[in-house]
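K.L.:
The chain contents come next:
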Amino acid sequence: MGDAMRSLLHHRLAVSSIVFILVLALIAILAGLINPYVLQGYSDALAATNQAPFAKQTLQDNYARPMTESKNPDLQGFVYYAGADNLGRDILTRTIYGARISLSVALVAALVSLIIGIAYGLTSGYLGGRVDEIMMRFVDFLYGLPIVIVVILMQVYFKAVARRGDASGIVGVILDANAALGGMLFVFIAIGALNWIGMARIARGQTLSYKQKEFVEAARATGSGSRRILFSHLMPNILGPCIVQETLQIPGYILLEAFLSFIGLGVDAPTPSWGIMINEGFQALRSAPHIILVPAAALSLTVLAFNFLGDGLRDAFDPRQRGV
Amino acid sequence: MKSRWILIALVAMAAMLFSACTAAPAAPAAEGEAAAPAEAGEAVTLDTVFSTEPPSLDPSLGSDTQSVWAVRQMFMGLTGFNEAAEVVPSLATEWSVSEDGLTWTYKMRDDVNWVKRDADTGEFEDLGPVTAGDVVFAVGRTLDPVEASPYASMLYMIEGAEEFNAADPAAENFEEMRAAVGVTALDDTTVEFKLKKPTGYFPAITGLWITFPQYAPAVEEHAEQWTEPGNIVTNGPYTLETWQHGAYMRYVKNPLWFDAANVQIEVIQGPIIESESTAMSMYEANEIDMMADPGWSPPLPDMDRIKADAALSEELLIAPRTCTYYYGFVNAKPPFDNPLVRKAFAAAVDRQSLIDNLLKGEQVPAHSFVSPGNFGNAAGDMDIAPWMVMEDYAAQLDQARAWLAEAGYPEGEGLDVLLMYNTSEAHAQVAQAVQAMWSEAFPQATVSVENQEWQVYLNTLLPDAPLEEKPHIYRLGWCADFPDAANWLIGVFRSNSDQNYAMFNSPEFDALVDEADSISDPARREELYKQAEQILVDDVTAIAPLYYYTYVRLYKPWMTNIVISPVTGDPIHEWTIDTAAKAAARQ
Amino acid sequence: MLTVFSMMRALPGGPFDFEGDKSLAKAVTDNLERRHHLDWSESWQFVSYVLGDDVAGAVCETIPSIPGCDKVLDGYKAGVSRGVIRGDLGMAMRQRGRTINGIIGESFPVSLQLGLMAIGFGLLTGIPLGTIAALKQNTTIDYAASFFAVLGLSVPSLVLGPVLIWIFALKLGWFPVSTWGAQPPFFLGFIPAPTKDFFMHAALPVTALGLALTASIARLTRASLLQVIGEDYIRTARAKGLPQSTLIVRHALRNSLIPVVTILGPLTASVVTGSFVTEFVFGIPGMGKHFITSINNRDYSMISGVTLVYALLLVIANMIVDIMYAWLDPRIKFE
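Protein chains in written order, with numbering that gives the first Met the number 0: chain A, 0 to 323; chain B, 0 to 586; chain C, 0 to 334.
Source of the hints: derived by calculation from the structure; they are not laboratory data. The beta-carbon is built from N, C-alpha and C at its ideal position, and this holds for glycine as well. Check each hint, because a few of them may be wrong.
[Claimed, not checked] Derived CB-CB ranges, DEER-like: (1) B/D117 - C/G119: 48 to 58 angstroms; (2) B/A170 - A/G128: 53 to 63 angstroms; (3) C/V314 - B/A259: 29 to 39 angstroms; (4) C/G229 - B/S423: 49 to 59 angstroms; (5) C/F146 - B/E313: 39 to 49 angstroms; (6) A/R136 - B/E175: 50 to 60 angstroms; (7) A/S231 - C/A143: 25 to 35 angstroms; (8) C/F146 - B/A464: 20 to 30 angstroms; (9) C/E60 - B/E223: 56 to 66 angstroms; (10) C/A143 - B/S423: 48 to 58 angstroms; (11) A/P235 - C/F146: 50 to 60 angstroms.
[Unchecked claim] Example chain A residues on the side facing chain B (calculated, C-beta under 7 angstroms, incomplete): (12) Q56; (13) L58; (14) A118; (15) T122; (16) V149; (17) D267; (18) A268.
[Claimed, not checked] Just a sample of chain B residues kept apart from chain A, beta carbon distances all over 12 angstroms, derived: (19) T102; (20) A169; (21) P197; (22) D301; (23) Q428; (24) A435; (25) R493; (26) K529; (27) P570; (28) K581.
All chains, full assembly: derive it from the sequences and hints.
P.N.:
Rendered as structure tokens:
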């Protein structure tokens, strides 16, 4: 009886988390149409220049309190519902645009880590023996790699390539995507690339246990090739636990982006990210606490949602641990 | 059970490993006293924070604000700087220059002694007077390639200095080259410098910390450890008592100093705090007495509150500082090879609004490179680039638009401009603000900003780095090493300078600054520097100066007689503290 | 280690190219680089770093024809490192006259104190919280505890630290704003004198760092306790009439702690790196800042040293976890 209650509740939490994340994604995608400037009828002021329309800067409005009106003659009557930051930009608008970065890091890093981790773990577990041992030692070694060096290196390299202007073909496409993410694409990839270790461990463990199972033996006996066994038999089985694990890691990625912003390796200004906004808000905490409020709440809620979603997924995939 | 013992053994092992690790460094001295900084409550104490660990307290090796600040508290050099950044006598009472401008002779006072504080007993030992030989030793040490002083090149005008500094220590004639450096002690209180070429500002050079005398026996006995407490021998108003690396520092008054009777503050102490926001919290909790060097300035986001608050606004102190913040144009990179484009971008910045709404430290809008407080500066001279700082910004903006249209880019059409700055919250804010100003001034232009981590940034900007990797516009600031225009115009923008990131190249400019460098007639030098500024900022507009810095500081009301030096290293020995008021506030 | 060594040298900019805003004269940079053997070829630098300058010198004395030996012979007598093998991490490049051993030796114990106290805080608050939540399953207390746990995971320490300072140090004045209350020498190298001053200073940073641990430990404890309670041997014990408290503490809790112990290894790692923000915000002289500043300064020997210590710490943490594992779960035996 308790089980049913709990399970329902957990599902309800997981379901509302999914709804929350989907709504957030929708807001992020439609940020250009539904930000307060447009909604309040000031889209012209945003569109007047050739710049990315993140938020209109009005220096006179710096640190404007929530619910105050803009002093900019071009924005007469515009209300800062959540206040303005140190450069006089609407915080609500920037938080909405900032969702793009946080959700991108979740998506890109998760995909990268999932792909590398599964491929590595699958190979290691499937081949077994000496190879497995060496591959796992290598994983241990990666634990110690300082992420900051890797991130700086990637940024330097790709930004230099971008400026040199020999960006054609695939490189060009990648660089465009990078520019859209405020120069963070490679950082996201780096985050994923440094977090596939746990994933590889799980994939390997799962592979090892499934390898002995009858259906794999049967497939082998009927002469299926390694490729077929890997992709048609092992992969579908280990995917579930891996996705659960990945969902649980996503909050970590979002927080890591905030940390990188904090040490100055974040997105290029003026692209907003929650990490950068929290960093700005942290410095102004004593004098203008409203700056940190909205982005911190957005960040916490999103992390919360991913945590609940991960829990819900785990319940679904692993009924034995229901209630965790 | 067995496993529990293994656990215990392992923990013990780990503990031993760590203790072995900690025992390795030279044990920090004066632990007994350091452990209880609160006990020294009776001494007149200036509580502050240090914004970072000083990389070195060695006068020959220091180069950053922290190190220089500390060296100036502990050592006296031949000359010093007053509040107006003018050269004043310090260890030297008078100096003179020969007819040809090549030989400078300094007479030193004989009542300044070397002092060493015993780390165990806390007693001060008098090691005899500071002599001309100590100055010669220090200059030689700064130039010694084995010591590898980062600021050695400042002394290259001395005869034989550059050759000695660039020599291979393994070379056969190495000792001869050392002896050939043009600094000699004529007697105990007279020191003579021979220069390669006439240098009118040489007295400012002898006010640089790298020429401050050092006590040879201490340096030779302790080698690199000579700046540790208990080893260090100093001749200034304060000396080092405790240095817990990375954590805490404490300086105490030198009771044997010649003017010790007039020094009221007996202790300067504080932890190393790397977050300005945290330092501000400490200030507001009365844990520290000031937000100033060697600590932090009050954080920008708190400025509005400070100005609005009755008590804090009284504690705010703003003073000029010899630094300029500027945006440089890479003059060789199209379309910024066109002076009209450079002028348009330099004009389309509302400097006053930037200062009023973002910087908030009463900085001064800049229209020249050399900041006020330097000899030969042209700040405030409205012959030079008045169009950067017009009263009526709308008119200034019209002028900027007209220039850009004349250059062939009406409304900025077809322009794709990259502004780059080094990673830092403060620079990011200025860059974003200026980016928005430019986008509004030239609506058809695309202005993007990018930040690079500091070392990467400077390597991108180096004059010989590939042009296509450079931005169009870069951010930099310059602070005077010594307050003379030579340090600015020759040091940064002469065509052969390593720091000439703008790739500005004007033979006329070079000729002007070279002439000013080689004469000592002040009026003529000022005139030449002004002409050079005219070319750099107005005619060619190689750079867009944004503002002249100010020191923005907070001092608790019990801090009195505050004297600020525009160059690093305030004379704290001249300050006083109302101890009763401080004690009352801290209750 | 070779990877870190060559990766950091691939970063643009060397440690001595610039001083503040100003680039240095060529002769000056050369002098500085010669001091730290940066004029040697990279492979010789690596040899000297691992084995020591004297070894590099001895090899070159014997066979001077190896490429790069001329530079080694010039400079090896002014040694900078006795080699990692002999426990010498070399000289710091940005702090004159200081050894990496010295710098790490004084900052690491502080980080260790902070980290251990944070983990202790996490265990002491997280396990009871998780236990209560599991025992009062599906009550308001349970939901409140669970919600608090997830919230603790979701608030970044960058926000938590300043908020704690603001409330407890500035507004209420209960604790000092910052700095660390312990001074060397430490008992056994890392145990400080347990003075009131020390705990007053430690309260806020330990809370800021430990709260996220509390959250994850509580979640894990609750989950695993619920699972254990459902198992047969507990049901048997309960059927035998053992009192509830004995049952929970002696049987259920002990077994349910196994997963908690498993995550302690990774948690230690995250505490050590995560302490950067906490140390920065609270002005604690720990090792965290060296992770970032050494890279910004291109202080090669510091980067290597810090990375090495970090790796060593992970190994030790994992070893301790393995041992505790065996202690808690008798089914796992030592080989």
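K.L.:
Next, verify each hint and record whether it holds.
P.N.:
Taking the hints in turn, this is what the structure says about them:
1. B/D117 - C/G119: 48 to 58 angstroms: Violated, at about 41 angstroms.
2. B/A170 - A/G128: 53 to 63 angstroms: Given range 53 to 63 angstroms: holds, Cβ gap about 60 angstroms.
3. C/V314 - B/A259: 29 to 39 angstroms: violated, 55 angstroms
4. C/G229 - B/S423: 49 to 59 angstroms: holds, 55 angstroms
5. C/F146 - B/E313: 39 to 49 angstroms: Roughly 46 angstroms apart at Cβ, these two residues keep to the hinted range, so it holds.
6. A/R136 - B/E175: 50 to 60 angstroms: holds, 57 angstroms
7. A/S231 - C/A143: 25 to 35 angstroms: violated, 47 angstroms
8. C/F146 - B/A464: 20 to 30 angstroms: violated, 54 angstroms
9. C/E60 - B/E223: 56 to 66 angstroms: violated, 27 angstroms
10. C/A143 - B/S423: 48 to 58 angstroms: At roughly 42 angstroms between Cβ atoms, B/S423 and C/A143 fall outside 48 to 58 angstroms, so the hint is violated.
11. A/P235 - C/F146: 50 to 60 angstroms: violated, 35 angstroms
12. Q56: holds, 4 angstroms
13. L58: holds, 4 angstroms
14. A118: violated, 32 angstroms
15. T122: violated, 35 angstroms
16. V149: violated, 13 angstroms
17. D267: holds, 5 angstroms
18. A268: Status holds, d = 5 angstroms.
19. T102: holds, 49 angstroms
20. A169: holds, 35 angstroms
21. P197: The claim holds: B/P197 sits with its nearest Cβ about 44 angstroms from chain A, beyond 12 angstroms.
22. D301: For B/D301, whose nearest Cβ neighbour in chain A is about 5 angstroms away, the distance does not exceed 12 angstroms, so it is violated.
23. Q428: Non-interface label fails for B/Q428: nearest chain A Cβ at 6 angstroms, not farther than 12 angstroms.
24. A435: violated, 4 angstroms
25. R493: holds, 28 angstroms
26. K529: Label holds. Min Cβ-Cβ 33 angstroms, cutoff 12 angstroms.
27. P570: B/P570 clear of chain A: closest Cβ-Cβ about 31 angstroms, beyond 12 angstroms.
28. K581: About 23 angstroms separates B/K581 from the closest Cβ of chain A, which puts it past 12 angstroms; holds.
This entry does not satisfy hints 1, 3, 7, 8, 9, 10, 11, 14, 15, 16, 22, 23 and 24, going by the numbered hints stated previously.
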